[in-house]
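Use these hints to put chain U onto chain Y, whose structure you have.
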Amino acid sequence: MKSAFLFPGQGSQYVGMLNDLPNDPVVKHILEESSDLLHLPIESLHNNKALSTTKAVQQCLLIASVSTYKVFEKNGLIPSFVAGHSVGAFGAAVAAGVLTFEEALKLVTLRGELMERTCDHGYGMAVVLGLDEYRLSEIVQQFFNEEEPVYVSNRNSPTQLTLSGSIKGLEKVIDYVKTHGATSARLLNVSTPSHCPLFKNVSEELLGELNKLDLKRPKIPISSNVNSRLLRQADAVKEDLAKSICYPVRWHDAVNLLYETGTRLFIEMPPGDVLTKLANQAFSEVRTMAISKSNIDDCFYVMSN
Amino acid sequence: MVLTNIPKVTRSWTTRLEAKKERMESVKSLVDGVIIPTDRIVEAMELLIRPGDRVVLEGNNQKQASFLSQSLVQVDPKKVHDLHMIMSSISRPEHLDIFEEGIARKIDFSYAGPQSLRIAQMIEDGKIELGDLHTYIELYGRLFIDLIPSVALVAADKADRYGNLYTGPNTEETPTLVEAAAFRDGIVIAQVNEIVDELPRVDIPSSWVDFIVVADEPYELEPLFTRDPRHITDIQILQAMMVIRGIYEKHGVKSLNHGIGFNTAAIELLLPTYAASLGLKGKICTNWVLNPHPTLIPAIESGWVESVHCFGGELGMEKYVEARRDIFFTGKDGSLRSNRTLAQLAGQYAVDLFIGSTLQMDGLGNSSTVTKGRVAGYGGAPNMGHDPGGRRHSTEAWYNMMTSDDPLARGKKLVVQVAETFQEANKPVFVESLDAISVKDQAKLALAPVMIYGEDVTHVVTEEGIAYLYKSDSISERREMIASVAGVTPIGMESNPKTAERLRQQGLIAMPEDLGIRRSDAKRSLLAAKNIDELVQWSGGLYTPPAKFRSW
Chain Y
529 MKSAFLFPGQ GSQYVGMLND LPNDPVVKHI LEESSDLLHL PIESLHNNKA
579 LSTTKAVQQC LLIASVSTYK VFEKNGLIPS FVAGHSVGAF GAAVAAGVLT
629 FEEALKLVTL RGELMERTCD HGYGMAVVLG LDEYRLSEIV QQFFNEEEPV
679 YVSNRNSPTQ LTLSGSIKGL EKVIDYVKTH GATSARLLNV STPSHCPLFK
729 NVSEELLGEL NKLDLKRPKI PISSNVNSRL LRQADAVKED LAKSICYPVR
779 WHDAVNLLYE TGTRLFIEMP PGDVLTKLAN QAFSEVRTMA ISKSNIDDCF
829 YVMSN
Chain U
2 MVLTNIPKVT RSWTTRLEAK KERMESVKSL VDGVIIPTDR IVEAMELLIR
52 PGDRVVLEGN NQKQASFLSQ SLVQVDPKKV HDLHMIMSSI SRPEHLDIFE
102 EGIARKIDFS YAGPQSLRIA QMIEDGKIEL GDLHTYIELY GRLFIDLIPS
152 VALVAADKAD RYGNLYTGPN TEETPTLVEA AAFRDGIVIA QVNEIVDELP
202 RVDIPSSWVD FIVVADEPYE LEPLFTRDPR HITDIQILQA MMVIRGIYEK
252 HGVKSLNHGI GFNTAAIELL LPTYAASLGL KGKICTNWVL NPHPTLIPAI
302 ESGWVESVHC FGGELGMEKY VEARRDIFFT GKDGSLRSNR TLAQLAGQYA
352 VDLFIGSTLQ MDGLGNSSTV TKGRVAGYGG APNMGHDPGG RRHSTEAWYN
402 MMTSDDPLAR GKKLVVQVAE TFQEANKPVF VESLDAISVK DQAKLALAPV
452 MIYGEDVTHV VTEEGIAYLY KSDSISERRE MIASVAGVTP IGMESNPKTA
502 ERLRQQGLIA MPEDLGIRRS DAKRSLLAAK NIDELVQWSG GLYTPPAKFR
552 SW
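Sequence lines, in order, name chains Y and U. The first sequence finishes on residue 833 if you use this note's numbering, and the numbering steps up by one all the way, no holes. The second sequence finishes on residue 553 if you use this note's numbering, and the numbering steps up by one all the way, no holes.
Quick caveat, the hints were computed from the structure, so don't treat them as lab data. What you are looking at is a predicted structure, and each value in this text was computed from that prediction instead of being measured. Heads up, a few of these hints could be off.
[What the hints assert, rightly or not] The calculated lysine-lysine pairs, modelled on DSS-like cross-linking and capped at a C-alpha distance of 25 Å, are:
hint	chain 1	residue 1	chain 2	residue 2
1	U	Lys128	U	Lys524
2	Y	Lys821	Y	Lys728
3	Y	Lys744	Y	Lys771
4	Y	Lys530	U	Lys549
5	U	Lys373	Y	Lys771
6	U	Lys428	Y	Lys706
7	U	Lys128	Y	Lys771
8	Y	Lys706	Y	Lys805
9	U	Lys128	U	Lys79
10	Y	Lys805	U	Lys79
11	U	Lys413	U	Lys251
12	U	Lys128	Y	Lys766
13	Y	Lys821	Y	Lys805
14	Y	Lys805	U	Lys373
15	U	Lys128	Y	Lys747
16	Y	Lys634	Y	Lys728
17	U	Lys413	U	Lys159
18	U	Lys320	Y	Lys700
19	Y	Lys747	U	Lys79
20	U	Lys128	Y	Lys530
21	Y	Lys821	Y	Lys598
22	U	Lys549	Y	Lys805
Here chain Y stands alone, though its shape is the one from the complex:
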C-alpha cells in the first residue's frame, strides 16, 4: 500500500505542543539542535505569547513535524510520498532530503519575519464553507478594489476555501456570501494575508535565500502547493517553496493527486489532525492516522505491514 506523510501548516499549533512529541532520543536531539540554532530555550517557542507571532508558529511547526518524521526514518519507515500545507512544505522538503533541518529552520524563521513585516494590522484571512472556488472567485472579483484587496487563497477541500486580504474587504465578502450560498464564513485568527499576491516580495526574498543553498534532489516525490504536481527535481521544489506564500495552496488537488497515484494511507505529522480530517472527508476509502491522536507504535505497525 502506498503511503504519504502530511506536514501541517499554520492553524494546527497549540501552546505546549513541543512537549507532546514522541518520546524518542531523535526528537530530543532535534529540540536541542533547534534551541542551539535559535539561541532560545524551547519553552520560549511554544508558550502563549510566542505563538502569537507568525515566526514562532512556523518554527514550532517545522520542529514538531520534522523531529517526528526522523523517528520514522530511524526505524526505516519511509513513505512513498510527502506533502506539506504552506509552511509544512518546508518540513516535507526536509523529509525528502532537499533541505537540511538547519537550512529549513533558517528559512522558516526568515519567512515568518518577512510575513510579519510586510503587512501589519488591517490584514488577515477568512474561511468560507459551502461554495466552490469558481463561484467564490466570481464573488471576490465583484468586490475587489485596490484599497481593500481580497483574494481567494487556499483550496483545502472543494468547498472549504480561504480568503486573504484586507480585513475590511474580507468582512464585506463574508457578509455577502453568508446570504449567497455559503454555509459558514468567518475571519480566522491570523494577522497575515498568506497565499495571495500581497506577499510577492516575501516570495522574492525567500527565493534569494533559497538560491544560496545547494538543494538536493528529492529522495521522496513531493506533492506541491502551487500547482499540485509531484516534484522530483530540486529546482521544482525550490520554486514551490518560494512561490507558495504568494499563490493559493491547492491542497485538495495535492492530496487528490496522491490518491490517484495509489496512496491509501495518510499519516499526519504533529501537531494536530487537520489534514487527516480533510483527507477523510475527500476520500472515503483511505486510512488516515494523525500522530497527535494515535499511538506512534500503531503507525509503525501500519507502515510496516
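For chain U alone, kept in the frame of chain Y given last:
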C-alpha cells in the same frame, strides 16, 4: 488485345504474419508452449512489444488486467517506448505511470474517472499525447478500422493448457479486444487467475490467444453497480414515482437501460410496490440491458422481469444469477455471460429508453458530468443516451415519440435525464454554460465533453416535474420547458408562473399533482428493500454482497 507485359508482383502480402512469427520466435526460450512463466512476464513483454506499437490494455470500469498493467510499467523504456495505448478506462495508477516512465506516448480512451485529475495535468504538461475521448462503441469500432492493435493485453478467470479462456460473468469486452488483435496478426496475451485441466466453458477459443500467464493475484474487480438502498432519499423516490407514471406508463416503456445513480435504483425498488399498485406489472420494464444490479432483485423475484442482458458482472451476484437462469444470459456451465460490446449495441439500438442522472444541464438540455480541472471522459452513457437515427423497428414507446403526420415520420428512442435542481454545495444543476466548455479549453480537446446532447433528450425530470421535450421542435419552447422545472437555478429563474401554467395546460410539462402523485406519499417506506440486508433476504440468501456493503 492481350496483356503481355504484366509486372511481376514483388511485394509480400504477409508482412504482418511474418513480423508476428519473428516476435513469437524471440520468446521461444522463455515460454513453455503458450504459457509465459509468471516471473518472466516483463522479459517477455520487452520482446513481444515493440516501440511504437498500438497496445490495447484491458481495463474498464469493472475488470482490470492489473497484473499485465503492473508488469508493463516495469519494462525497460530503452527497449519499449512510444507505445500508443488504447484503453476503455484509465483506472489504475500504473495506467498513467507508463507515460511518466517514457514507455507510452499516446492514449485513446473512453473513461478516466479514477485518474481524472492526473490525466488533466499530464495533458496540460504535455506528458501525454491525447488521441480522442470516445464512447465505448466508438472505441471498439475503431479497433477494427484505424486503431487496430498490434498487441492485446487482457484478463480472464481461467485458462486450460492450450490457451482456451474462461472469462465467465466478467466476460465484458475481452472477446472484442482479442478479436481485433487476433485476426489481424497481432499478439494476444491473457493473464489468468489459474490454469485448470477443464474449463467450465470456453468463452474465447485458444486459436485466438497466443500466450497466457498466471497472475500473481486475481485481476482487480470493482463492485461498481451496487447501490445501498439506505442512501435513497425521499426526493429520489418522488422522482422515481414521476418517471413510472409520467414516462414508463404513459409511453408503455418495456425495454430499457438504467444508469448507476440512486434515482434509478429507486425506480427499480418501486416496481414491486408503487408500480404494482398501479397495475403495471407486465406492461412496463420487462426486458433490460443492465448489469446485475442488486436493486433489481425484488423486481425479478416479483415476476416483473423477463430478460436481462449484461455489460459485465457484479461482485456478489454470481450465485443469484446462476439460480435465475430464465432471466439472465448464462452459459452451459450456469454462470453469467456478459458482453459489453453487444450490450452497448443493444442499449443503443434495441431498447425503448435510456435514463440516467446528470450533474449539469444547460438551457437547451445539453448535459455533462464533468468537473472543472478534471478530464473524466464518457463510458457508455452517450451510446445509450442518444437517438440512433438508423433505427427501423418500431415499438409502442418508440412510436409514441412521433409528433408529426408526415408519411415518413419516425419515432424516437426515449432519453431521460433525471436531476435535482441543486447538487451539493449549493451548486445549481441548471446553468447558463456547461463546465464542459472550460474543460475543453483547459485540456485542449477538439470537442466539449458533453455527455448527452440536448437534441437527443426527450424528457427532463426534476423534483419540480417533468418536461416533455420531445413534444416540441422549437428551441425557445424547449428552453421554456426546461426552465419551468429548473427550480430557483439561473435557468429556472427565467421561468414565470404564467408560462409554466400555459405549458402545463398544453401538456408540455407535468407537475407531480398532474400525474396523480402526492408529494407527501414519496416516502422510503415505498422501497421494496430499504437496505442491503433486505436485498439479501429477497434473494433468498443467494446474493452475497462484498464486505464493504455489509452492515451486519
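To see whether the hints hold, each was checked on the structure:
The straight-line distance between the Cα atoms of U:Lys128 and U:Lys524 is roughly 51 Å, outside the 25 Å bound, and the hint therefore fails. In summary, the hint linking Y:Lys821 to Y:Lys728 is not supported, as the alpha carbons are separated by about 36 Å, beyond the 25 Å threshold. Between Y:Lys744 and Y:Lys771 the alpha-carbon distance is near 18 Å, which keeps this suggested pair within the 25 Å criterion. Using a Cα cut-off of 25 Å, the hinted pair Y:Lys530 and U:Lys549 holds, with the two alpha carbons roughly 21 Å apart.
For the hint linking U:Lys373 to Y:Lys771, the alpha-carbon distance of about 24 Å falls within 25 Å, and the restraint holds. With a C-alpha separation of about 15 Å, the suggested pair U:Lys428 and Y:Lys706 falls inside the 25 Å cut-off, and the hint holds. Only pairs whose Cα atoms come within 25 Å are accepted, and U:Lys128 paired with Y:Lys771 is accepted, the gap being roughly 23 Å. Under the criterion of a C-alpha separation no larger than 25 Å, the hint pairing Y:Lys706 with Y:Lys805 is consistent with the structure, at around 24 Å.
Of the supplied pair hints, the one linking U:Lys128 and U:Lys79 holds, its CA atoms being roughly 17 Å apart against a limit of 25 Å. Distance check on the hinted pair: Y:Lys805 and U:Lys79 sit about 43 Å apart at the alpha-carbon level, beyond 25 Å; violated. Only pairs whose Cα atoms come within 25 Å are accepted, and U:Lys413 paired with U:Lys251 is accepted, the gap being roughly 15 Å. Under the criterion of a C-alpha separation no larger than 25 Å, the hint pairing U:Lys128 with Y:Lys766 is consistent with the structure, at around 22 Å.
With a C-alpha separation of about 12 Å, the suggested pair Y:Lys821 and Y:Lys805 falls inside the 25 Å cut-off, and the hint holds. A hinted pair counts as satisfied when its Cα atoms are at most 25 Å apart, and Y:Lys805 with U:Lys373 qualifies at roughly 24 Å. Using a Cα cut-off of 25 Å, the hinted pair U:Lys128 and Y:Lys747 holds, with the two alpha carbons roughly 22 Å apart. A C-alpha spacing of about 20 Å is found between Y:Lys634 and Y:Lys728, which places the hinted pair at or below 25 Å, so the restraint holds.
Between U:Lys413 and U:Lys159 the CA atoms are separated by roughly 42 Å; this puts the pair beyond 25 Å, and the hint is violated. Restraint check: the Cα-Cα separation between U:Lys320 and Y:Lys700 comes to about 61 Å, which exceeds 25 Å; the hinted pair is violated. A distance of roughly 23 Å separates the Cα atoms of Y:Lys747 and U:Lys79; the hinted pair therefore holds under the 25 Å criterion. At most 25 Å may separate the alpha-carbon atoms for a hinted pair to count; U:Lys128 and Y:Lys530 meet this at roughly 23 Å.
This hinted pair checks out: Y:Lys821 and Y:Lys598 have alpha carbons roughly 18 Å apart, not beyond 25 Å. The straight-line distance between the Cα atoms of U:Lys549 and Y:Lys805 is roughly 21 Å, inside the 25 Å bound, and the hint therefore holds.
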